[in-house]
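With these hints in hand, go ahead and build the complete structure from the sequences.
With numbering that gives the first Met the number 0, letter number 137 in the sequence shown gets 136, and the count goes up by one each step, no holes.
There's no promise every hint is true.
Said to hold, decoys possible - Below, a list of computed lysine to any residue pairs in the SDA-like style, where the Cα atoms sit at most 25 Å apart: (1) 101 / 81; (2) 78 / 13; (3) 80 / 70; (4) 80 / 116; (5) 128 / 65; (6) 80 / 17; (7) 128 / 17; (8) 78 / 63; (9) 80 / 26; (10) 101 / 37; (11) 101 / 30; (12) 80 / 122; (13) 80 / 16; (14) 78 / 101; (15) 101 / 146; (16) 128 / 116; (17) 101 / 147.
In case anyone wonders, no lab produced these hints; they're calculated from the structure.
Just so it is clear, the structure is predicted and the values come from calculations on it, not from any experiment.
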Amino acid sequence: MIQTGDVIINTASMRNEGTTRFYVPDGFPAVADHFLTHALIDAGRELCDNNDYRLHIGLNAIDDAFYGETPDWIEMLSKHKLLNVEMESAAILSIAHMRGLKAAMICGVAGNLVTADVEYESENTRLTKAWEGAISIALEGICRYENGRQ
0 MIQTGDVIIN TASMRNEGTT RFYVPDGFPA VADHFLTHAL IDAGRELCDN
50 NDYRLHIGLN AIDDAFYGET PDWIEMLSKH KLLNVEMESA AILSIAHMRG
100 LKAAMICGVA GNLVTADVEY ESENTRLTKA WEGAISIALE GICRYENGRQ
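Listed below in structure tokens is the structure:
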């Protein structure tokens, strides 16, 4: 089960936002670069063994409305095995693809909308640790990716 403070590496994004419609047609997939994503996964699997977070890998959903997720929408996302909801990756992945660039996605988990594991009233220290973990994984993953290309 995904908990606040975990880290997620997304392989692709379900587009439910408006930004990418200016760049690609509606059926166009938002997919992370395979090789860069694999470098993140390898780094994440190694680094999570020595840290206080779990690593999850899979698909996410993109929404561009803050707190617009209804209980029915959250249930549908969960039934379709989408790991997380965020706001940026579809645009990043789509535009990178169109420009011939490499892009991948890693997220620190701020809360779980399915289990109501959320923190709104005080400092979310678990999220801060997730961000630190995601940054460490991203830096290590980029180094591995760049070293593997030589």
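Notebook entry, point to check: Given the hint that residue 101 pairs with residue 37, does the C-alpha gap stay at or below 25 Å?
Noted result: 12 Å, holds
Check: Are the Cα positions of residue 80 and residue 26 separated by 25 Å at most?
Finding: Status holds; Cα separation ~19 Å.
Notebook entry, point to check: Hey, residue 128 versus residue 17, does the alpha-carbon distance stay inside 25 Å?
Noted result: Violated - the C-alpha atoms of residue 17 and residue 128 are around 31 Å apart, more than 25 Å.
Check: Does the structure keep residue 101 and residue 146 at a Cα separation of 25 Å or less?
Finding: 15 Å, holds
Next item on the list: Verify the proposed pairing of residue 80 with residue 70, using a straight-line Cα cut of 25 Å.
Entry: Roughly 15 Å between the alpha carbons, so the hint for residue 80 and residue 70 holds.
Margin query: Against the 25 Å threshold, does the CA-CA distance of residue 78 and residue 101 hold or violate the hint?
Written below: Roughly 30 Å separates the two Cα atoms, so the pair is violated.
Margin query: Against the 25 Å threshold, does the CA-CA distance of residue 101 and residue 147 hold or violate the hint?
Written below: Judged against 25 Å, a Cα distance of about 14 Å means the pair holds.
Margin query: Check whether the Cα positions of residue 128 and residue 65 lie no farther apart than 25 Å.
Written below: 23 Å, holds
Note to self: Please verify whether residue 128 and residue 116 have alpha carbons no more than 25 Å apart.
What the structure shows: 16 Å, holds
Next item on the list: Take the C-alpha atoms of residue 80 and residue 17, compute the straight-line distance between them, and say whether it is at most 25 Å.
Entry: With a Cα-Cα distance of about 23 Å, the restraint between residue 80 and residue 17 holds, given a limit of 25 Å.
Margin query: Need the status of pair residue 80, residue 122: alpha-carbon distance at most 25 Å?
Written below: 29 Å, violated
Item checked: Distance restraint between residue 80 and residue 16, which requires alpha-carbon spacing of 25 Å or less -> OK: residue 80 and residue 16 at ~19 Å, within 25 Å.
Violated hints, listed in ascending order, are 7, 12 and 14; each of the other numbered hints is respected by the structure.
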